[in-house]
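Trainee: Listed below are the residues making up each chain.
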Amino acid sequence: MQTSLPFKKIIIIGGGTAGWMSACYLAKMWQDYDLEIKIIESDAIGTIGVGEGTTPSIKGFFEQLGIEAKEWMPACNATYKTGIRFVNWSSDPNYKSYFHPFYSQLDEYFQHEFFQNIQLKHRGFDVHAHPDQYLLASELAQQRKAPIEPEHYPFDMAYAYHFDATLLAQFLKKKALQWNVTHQVATINEVKQKDDGSIASVVTESGATIEADFFVDCSGFRSLLLGKSLKVPYNSFADSLLNDSAVTIVTEREDTTPSMTLSTALSCGWAWRIPLTNRFGNGYVFSSRFQSPQDAEEEFRRHLALPESAQFNHLKMRVGHFAKGWEKNVLAVGLSQGFIEPLEATALHFATQSVVDFVSAVDNSTDQAGYSNQTAYNNKLSDRFSCVRDYIELHYLANSRHDTPYWKAARSHTPSRRLQRILTTWHQGKSVPRVLDEEAVSLQLFGHESWLCLLAGKGVFPESEHTIDALPTAMRIDMQKIKHFVETSAKHYPLHDDALAALKQS
Amino acid sequence: MLPIPQNITIVGLNVHGLLTALLLRKTYKPAVTGITLVGLKEEDSPPKAYIAGKALNTLLEHFGYSEANWMRQTQATFKLSNRYVGFSEQEFSVANASEVDILHQPLMLELSKLKRQAYQLDLSLDDFFFAAALAKRNLSPKAQDFPFETDYQYQVDANCLFTLLQKIAAEHSITTRPSTLETLQLDQHGTLKHIECEDQILSGDYFFDCTQSAQLLIGNMPDFRQETLPEVRINDRVLTYTLAAECCASEVVTTALDCGFVLQYTLQDAVHFQYHYSSKFIQDPQAVQRLERHISQQGYKKVLQRHLSASQAYLVSQPWIHNCLAIGPACGLTQGTEDHELSHTFAMLEQFVSSIQSPDDAKDVIKNYNHRIKSRFVYAHSYHSTLQLLNSRRNSPYWQTPQDANALTPIGRSLFSQWLSGEDLSVEPILDINGLTAWYALFSGLGHYPTGELKPHPKSRAIQDNIQDMCRKLAGCCLNFQTHDNLIAEGKHHANVTAV
Numbered sequence: 001m002q003t004s005l006p007f008k009k010i011i012i013i014g015g016g017t018a019g020w021m022s023a024c025y026l027a028k029m030w031q032d033y034d035l036e037i038k039i040i041e042s043d044a045i046g047t048i049g050v051g052e053g054t055t056p057s058i059k060g061f062f063e064q065l066g067i068e069a070k071e072w073m074p075a076c077n078a079t080y081k082t083g084i085r086f087v088n089w090s091s092d093p094n095y096k097s098y099f100h101p102f103y104s105q106l107d108e109y110f111q112h113e114f115f116q117n118i119q120l121k122h123r124g125f126d127v128h129a130h131p132d133q134y135l136l137a138s139e140l141a142q143q144r145k146a147p148i149e150p151e152h153y154p155f156d157m158a159y160a161y162h163f164d165a166t167l168l169a170q171f172l173k174k175k176a177l178q179w180n181v182t183h184q185v186a187t188i189n190e191v192k193q194k195d196d197g198s199i200a201s202v203v204t205e206s207g208a209t210i211e212a213d214f215f216v217d218c219s220g221f222r223s224l225l226l227g228k229s230l231k232v233p234y235n236s237f238a239d240s241l242l243n244d245s246a247v248t249i250v251t252e253r254e255d256t257t258p259s260m261t262l263s264t265a266l267s268c269g270w271a272w273r274i275p276l277t278n279r280f281g282n283g284y285v286f287s288s289r290f291q292s293p294q295d296a297e298e299e300f301r302r303h304l305a306l307p308e309s310a311q312f313n314h315l316k317m318r319v320g321h322f323a324k325g326w327e328k329n330v331l332a333v334g335l336s337q338g339f340i341e342p343l344e345a346t347a348l349h350f351a352t353q354s355v356v357d358f359v360s361a362v363d364n365s366t367d368q369a370g371y372s373n374q375t376a377y378n379n380k381l382s383d384r385f386s387c388v389r390d391y392i393e394l395h396y397l398a399n400s401r402h403d404t405p406y407w408k409a410a411r412s413h414t415p416s417r418r419l420q421r422i423l424t425t426w427h428q429g430k431s432v433p434r435v436l437d438e439e440a441v442s443l444q445l446f447g448h449e450s451w452l453c454l455l456a457g458k459g460v461f462p463e464s465e466h467t468i469d470a471l472p473t474a475m476r477i478d479m480q481k482i483k484h485f486v487e488t489s490a491k492h493y494p495l496h497d498d499a500l501a502a503l504k505q506s
Numbered sequence: 001m002l003p004i005p006q007n008i009t010i011v012g013l014n015v016h017g018l019l020t021a022l023l024l025r026k027t028y029k030p031a032v033t034g035i036t037l038v039g040l041k042e043e044d045s046p047p048k049a050y051i052a053g054k055a056l057n058t059l060l061e062h063f064g065y066s067e068a069n070w071m072r073q074t075q076a077t078f079k080l081s082n083r084y085v086g087f088s089e090q091e092f093s094v095a096n097a098s099e100v101d102i103l104h105q106p107l108m109l110e111l112s113k114l115k116r117q118a119y120q121l122d123l124s125l126d127d128f129f130f131a132a133a134l135a136k137r138n139l140s141p142k143a144q145d146f147p148f149e150t151d152y153q154y155q156v157d158a159n160c161l162f163t164l165l166q167k168i169a170a171e172h173s174i175t176t177r178p179s180t181l182e183t184l185q186l187d188q189h190g191t192l193k194h195i196e197c198e199d200q201i202l203s204g205d206y207f208f209d210c211t212q213s214a215q216l217l218i219g220n221m222p223d224f225r226q227e228t229l230p231e232v233r234i235n236d237r238v239l240t241y242t243l244a245a246e247c248c249a250s251e252v253v254t255t256a257l258d259c260g261f262v263l264q265y266t267l268q269d270a271v272h273f274q275y276h277y278s279s280k281f282i283q284d285p286q287a288v289q290r291l292e293r294h295i296s297q298q299g300y301k302k303v304l305q306r307h308l309s310a311s312q313a314y315l316v317s318q319p320w321i322h323n324c325l326a327i328g329p330a331c332g333l334t335q336g337t338e339d340h341e342l343s344h345t346f347a348m349l350e351q352f353v354s355s356i357q358s359p360d361d362a363k364d365v366i367k368n369y370n371h372r373i374k375s376r377f378v379y380a381h382s383y384h385s386t387l388q389l390l391n392s393r394r395n396s397p398y399w400q401t402p403q404d405a406n407a408l409t410p411i412g413r414s415l416f417s418q419w420l421s422g423e424d425l426s427v428e429p430i431l432d433i434n435g436l437t438a439w440y441a442l443f444s445g446l447g448h449y450p451t452g453e454l455k456p457h458p459k460s461r462a463i464q465d466n467i468q469d470m471c472r473k474l475a476g477c478c479l480n481f482q483t484h485d486n487l488i489a490e491g492k493h494h495a496n497v498t499a500v
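Chain order of the listed sequences is D and W.
Each residue of the first sequence is one higher than the last, beginning at 1 in the numbering used here.
Each residue of the second sequence is one higher than the last, beginning at 1 in the numbering used here.
Note that these hints are calculated values from the structure, not bench results.
Possibly wrong hints are sitting among the right ones.
A few chain W residues facing chain D, derived, Cβ under 10 Å [what the hints assert, rightly or not]:
#1 Ile-102
#2 Cys-160
#3 Gln-468
#4 Asp-469
#5 Arg-472
#6 Ala-475
#7 Cys-477
Model, not experiment: these values are computed from the prediction.
Virtual Cβ for every residue (Gly too), placed ideally from N, Cα, C.
Given only the sequences and the hints, what does the whole structure look like? Please build it.
Mentor: Shown next, in the form of structure tokens:
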């Protein structure tokens, strides 16, 4: 355990969401140390700043910062997120859509029944194995309710948020400045390295040299320090994840606010729809190998039923990650470290976990320099990337669309050994959770339920050969009981708009 | 295969006899099966309260009596838990099962194990049982839009129940003969041919003995034998007081006194105290004084009735012999701190009906019936004897009397050994008596944890936070439930309106 911090000065390069999150977290966690934190942000380089979806880990991140939802959510036009509904990923009419929930305490109640019916479905029985009916989050989303625990129904709820990333960066900037982070607007022209290759300083366009003993690279896809200066090798996921482009636009809000992200498969990718309190953030993620940006824009415009005059933004994405997230005296956080396309909104999960794990690694370091856990940190990060990549990739492998070359290509590559094993286990009707545990996949972002929801939700089952009547009575799940439980539970939760209004008032 | 009953004779005009008649009538239509109930009602019936399970409600609803209606007529209240006071340093509850408990049962199992491994933990298993949380707040088991089921029972006035059952029997083709049994006639195989009651001969293909401890039929069957249950601190006397009460609790309270224990049942407008004691250690007049002092300490004053009776634990070796079945206390009586008398009766009759439907050989069916019914008594007795033997009171000769360690039944011994060795408890429970968690509550409540030097647990803070979080959740869930008093008052109101 460190009794003093090995760093006196930390420079954070980049003032997007990742930069200000890092600044806040480092400032808060190491507030008792004699530490200077400076963030250098260029006014010439914009942030991506689309409507951002998140995973439940961000809730814990805000809790550690001591920032309450009522403080930051209204300031960032934020809404609650119960999960993601996937639409049109399957050509089977019984599986036109499914919900991937954030799995909550109450979902454990019928977990056994869900798992049992999955097994029976594999054995050819025509039982109900679609995940939607088992899960509370799905019902809450359907009713546009918020996943906030009422006092009289106080079961643990896992949930996340949607928010305007630009506004969040501004909010966190104010917090960071209150917590003694200094801020400088400058464009970095040069990076100076020491003999050992570590970063000595950065030089701004005005010629000022800024030194530090540690650097956090939040420079986005440019990866100014980790990629360009330290030349850490890059592991591309382009072979397995085809999407490399996105077209985005904001649209008006609806009368009531959904509490879920919508992910709709289109001809050469998929479209997100993220509700904020003032608007929807929309984007179409596609593969430029299969569709030109103009065609993508046109398809997306028709999908959203927008007029010809609608103005879209175009983005390019690089999917993959640097082999190390922490190299020498540089930690990369956010896009500068890696990115696995936005399908399950994992970008900020990686950003927050990276900085949380870094602080833990330094605090628990056995050497004075704070680097004893660096290898373990990088291994853990690589594992996280590869496990999450497998889960994202499974969305494409499990699709059953035949309408375009894109969707055929999306499932035509060879998956990783681990993903192959998971798929084989599933097709054999054996226990996927056991394999996930053996492969340590469930330690990462997506637990057993997520994997089963994906495969069951996309209808990856053999044809049914027996009716439910062929089952012994004791093995028939009473779906009415589950429906009653889920619907009755949902009654206790507030309407999403009411919950948002209450936040604003408080 | 056994024949479907066409002519049933039941002896014993009491709650058990009437329940037998009605439960059989529910299954067998009058056109197929004649049911005759023989017996005289006891004059000046002593006050008594029963604990009844949901089977009673199912039966009475079948005959057109809603829960609110029959509860009003029998002065019934709800029961969610049995709270034990004075059996160890801290009082503890044995609560009915609730589906809410499933969500934190893994935590309960883990922590009880850690505490048995000599970790220093501030742990009361009461905190883990939702029904106990409801009972402690005097809430009812009824809530709107709360999808978790919580098991509950009823506290019922025995005399009111008798009156109601008698009325229903009269309305549903039960022939009642108010006479006393004089003789019975067996054939050469030992099968009961007929009985004679005041010049009437009543035959039947099945005879049900509901004559309680008199055992007028089963006691005269050729293979009759009675077993004594391994007794501990035998209580041979029951002193009952009924007092006026203004509010009603949704729990039974069992309090250990110097020479026995007192069961406290709450009915609508009344409270029953049953003092089970041993005449070897306290004389009747002193017992009266002791109970009156206890009642006074509870704040009750207005005595409505009191009664003293003898009590003894027993069990017949064959509850079903040929065509004669012993039902209720005629079959057996355990001296429990938890009353299973009616639940045994319901179980016996359900088992009888399913036996009749069995395609198996009649001998095997009867053998299986006898095994199952006796198992119920032994299981109930195991729980009670474990409580009596393992409590930590040593303040009177009654409690100081050395106990035979072998008096623990095999079930009790096996479970206690599992508890002491830190294992998860494992027994096939008879759920309508006491589930597995009741055994955890018992061993934990009696304080059977390691003493001496305890180890601090490295995560004790997180553990206490978890417990607090769980208590917060249970308290939150309680907000959905109606208060017991209000629900009972509403039931009365509803019943009155219906009557008008």
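Trainee: Return the status of the interface hint for Arg-472/W: holds when the least beta-carbon distance to chain D is below 10 Å, violated otherwise.
Mentor: Nearest chain D Cβ about 6 Å off; hint holds.
Trainee: Take the shortest C-beta to C-beta distance between Asp-469/W and chain D; is it under 10 Å?
Mentor: holds (9 Å)
Trainee: Is the interface hint for Gln-468/W satisfied, with its Cβ closer than 10 Å to some Cβ of chain D?
Mentor: violated (12 Å)
Trainee: When the nearest CB of chain D is found for Ile-102/W, is that gap smaller than 10 Å?
Mentor: holds (7 Å)
Trainee: Should the hint that Cys-160/W touches chain D count as held when the rule is a Cβ pair under 10 Å?
Mentor: violated (35 Å)
Trainee: Holds or violated: is the Cβ of Ala-475/W closer than 10 Å to a Cβ in chain D?
Mentor: Constraint on Ala-475/W satisfied, holds at 8 Å.
Trainee: Would you settle whether the hint for Cys-477/W is holds or violated, based on the nearest Cβ-Cβ distance to chain D being less than 10 Å?
Mentor: holds (7 Å)
In the structure shown, a violation is registered for the earlier hints numbered 2, 3, in ascending order.
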